[in-house]
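All chains should be modelled from the sequences, with the hints used to inform the complete structure.
Protein chains: 2
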Amino acid sequence: MAIRVGILGYGNLGRGVECAVRHNPDMELKAVFTRRDPAGLQILTEGAKVLSAEDAPSMKDEIDVLILCGGSATDLPVQTPQMAEYFNVIDSFDTHANIPQHFDAVDRAARAGGHIGIISVGWDPGMFSLNRLYASAVLPGGRDYTFWGRGVSQGHSDAIRRIHGVKDARQYTIPVEEALTAVRSGSCPELTTRQKHTRECFVVAEEGADLKAIETAIVTMPNYFADYDTTVHFISEEELLRDHAGIPHGGFVIRTGKTGWEDENSHVIEYSLKLDSNPEFTASVIAAYARAAYRLSKEGQTGCRTVFDIAPSYLSAQEGEELRKHLL
Amino acid sequence: MAIRVGILGYGNLGRGVECAVRHNPDMELKAVFTRRDPAGLQILTEGAKVLSAEDAPSMKDEIDVLILCGGSATDLPVQTPQMAEYFNVIDSFDTHANIPQHFDAVDRAARAGGHIGIISVGWDPGMFSLNRLYASAVLPGGRDYTFWGRGVSQGHSDAIRRIHGVKDARQYTIPVEEALTAVRSGSCPELTTRQKHTRECFVVAEEGADLKAIETAIVTMPNYFADYDTTVHFISEEELLRDHAGIPHGGFVIRTGKTGWEDENSHVIEYSLKLDSNPEFTASVIAAYARAAYRLSKEGQTGCRTVFDIAPSYLSAQEGEELRKHLL
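Chains S and D, in that order, are what the protein sequence lines are.
Going by numbering that gives the first Met the number 0, the first sequence opens with residue 0, and the numbers climb by one from there.
Going by numbering that gives the first Met the number 0, the second sequence opens with residue 0, and the numbers climb by one from there.
If you're looking for bench data, these hints aren't it; they were derived computationally from the structure.
Bear in mind the structure is a predicted one, so any value in this text is a computation, not a measurement.
Each pair may be met inside one copy or between any two copies, as identical chains are not told apart.
Below, a list of computed lysine-lysine pairs in the DSS-like style, where the Cα atoms sit at most 25 Å apart:
1) Lys273 with Lys195
2) Lys195 with Lys324
3) Lys48 with Lys59
Written out as structure tokens, the structure is:
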């Protein structure tokens with residue numbers, strides 16, 4: 000029998016999960032829960048229900064894993080613990096500083112409900128975290144670096160849109176090639192924020208807006224841009240829609256370290272992602288961990304987990320024997 | 000109390016494990032077991048014993064994990080199951096085709112002895128296997144490719160040394176740049192053996208040897224060289240010792256795959272290693288899994304495991320809470 004999946008929240012990530020379920024033949028989408036009017040929501044999967052978020056608990060016996068696709072700021076801190084009472088749950092909570100308290104809240108709720116919760120699943124946190132952990136365990140005296148991009152930062156794009164005179168905008172975070180080269184050399188450089196990433200902005204201005212003022216507002220914006228070398232391009236709305244419609248992202252996790260009795264040998268471990276669609280890739284990672292949640296729950300396990308706590312074999316649709324034969 | 004480590008076999012890998020233990024403050028080397036005369040063996044670690052391999056079982060209460068550093072052809076198939084009766088064991092068994100039967104033998108012995116055995120630990124099998132598994136679970140419809148090098152192949156170097164008139168030799172396996180580029184493009188190319196890797200040989204000939212005959216013997220050698228574009232350089236013994244003394248290696252695991260309702264988005268996951276010392280890096284991976292073996296055994300678990308079966312958190316000296324705070 001297929002693993003029965005539910006989705007709560009049907010934005011970019013929710014649609015990505017719907018597509019990911021389609022790519023995994025051992026999974027089946029049962030229902031999408033939305034806080035909008037369900038009657039107005041068209042999904043892609045034939046046979047899956049569209050229901051109000053409030054009605055989710057009534058589906059608890061028909062869904063093996065509920066995937067929470069809301070935002071980390073206000074949705075997930077409430078929804079994930081709440082839903083862990085009724086379902087095995089997975090989210091992509093990505094506010095790094097608040098992970099410990101989110102973990103505790105989901106852990107309590109999942110144990111009380113007799114379910115598994117897996118939080119902070121995606122690529123960062125997620126696959127990047129895994130690579131930081133594996134690499135640091137293998138080269139304990141070394142140092143690791145994470146670079147993001149080239150990719151669209153939603154938060155930075157939003158910050159530009161809030162500037163007076165801006166109609167629309169897209170911001171790309173770009174790793175600095177010289178910094179990547181220095182890191183790969185094994186020299187363990189100290190890198191400032193400015194040395195690691197640059198920011199490139201494509202801005203559609205309102206008619207008659209003061210372009211110089213917009214540019215200054217962007218490049219001097221504290222936290223978002225002031226600490227970076229930022230370039231601003233003004234383009235037409237047509238150009239924005241034509242050339243910047245996608246949500247690409249990616250990045251690099253690099254660790255270098257030494258081995259040998261006197262640290263005489265150097266090593267470089269590098270993991271990189273080049274993604275056409277940030278939300279669809281995140282959703283694909285989540286789908287693999289939905290399989291793990293299902294299996295852990297079948298074993299009778301309960302409580303909160305992260306990608307660190309789950310053996311890789313739980314992610315694969317293949318059996319242990321097959322994995323050892325073909326992938327080891 | 001530190002994790003007490005034993006080493007069986009003191010070649011390149013055994014020495015690498017000795018160095019890796021030094022890099023992990025929570026581990027301590029208790030003894031090296033050798034099949035040579037222990038009196039003639041000088042190790043680096045003060046306070047660690049050097050004993051005959053036959054005496055290993057007598058140390059069973061003083062060692063938490065025994066690391067087997069012999070060869071996959073004849074040593075490990077016998078030693079790992081044998082030692083699993085007395086110790087938690089780890090090996091780097093790398094004959095891919097025989098992994099299933101080795102797993103079964105170690106599993107039986109480890110269960111009978113009440114121990115944990117972890118086999119095929121290193122970078123391939125090992126870290127590369129992990130990356131094949133994670134990437135295939137995340138992009139189920141995709142395709143993965145493994146490239147090795149630039150690095151020294153011991154087996155191919157040995158094959159050259161057996162040719163009449165050859166005094167010494169070093170063989171490098173080199174991935175073909177065009178093949179890497181084609182794979183990263185997401186076009187899922189079909190690649191022949193010849194298209195993926197080239198082989199470069201540095202050969203010291205005996206005085207008066209027939210160089211043309213040696214070159215022909217190399218490039219036409221079945222299995223080892225005939226299916227590759229191979230270049231042969233004759234150099235002096237001084238040059239070989241000066242320029243080719245190291246044992247570097249590395250490689251790439253790349254998976255590409257599609258997401259989206261109609262497979263409209265492409266993704267590239269790439270993991271790469273660049274290693275100054277193949278045996279020391281392998282040993283570093285083994286040391287991290289020795290920590291896992293120790294912990295699994297403390298939990299009362301028994302039987303054989305591979306890297307697929309072990310949650311990443313077991314490898315780290317840090318606690319779960321710390322890991323979530325700093326690495327997730």
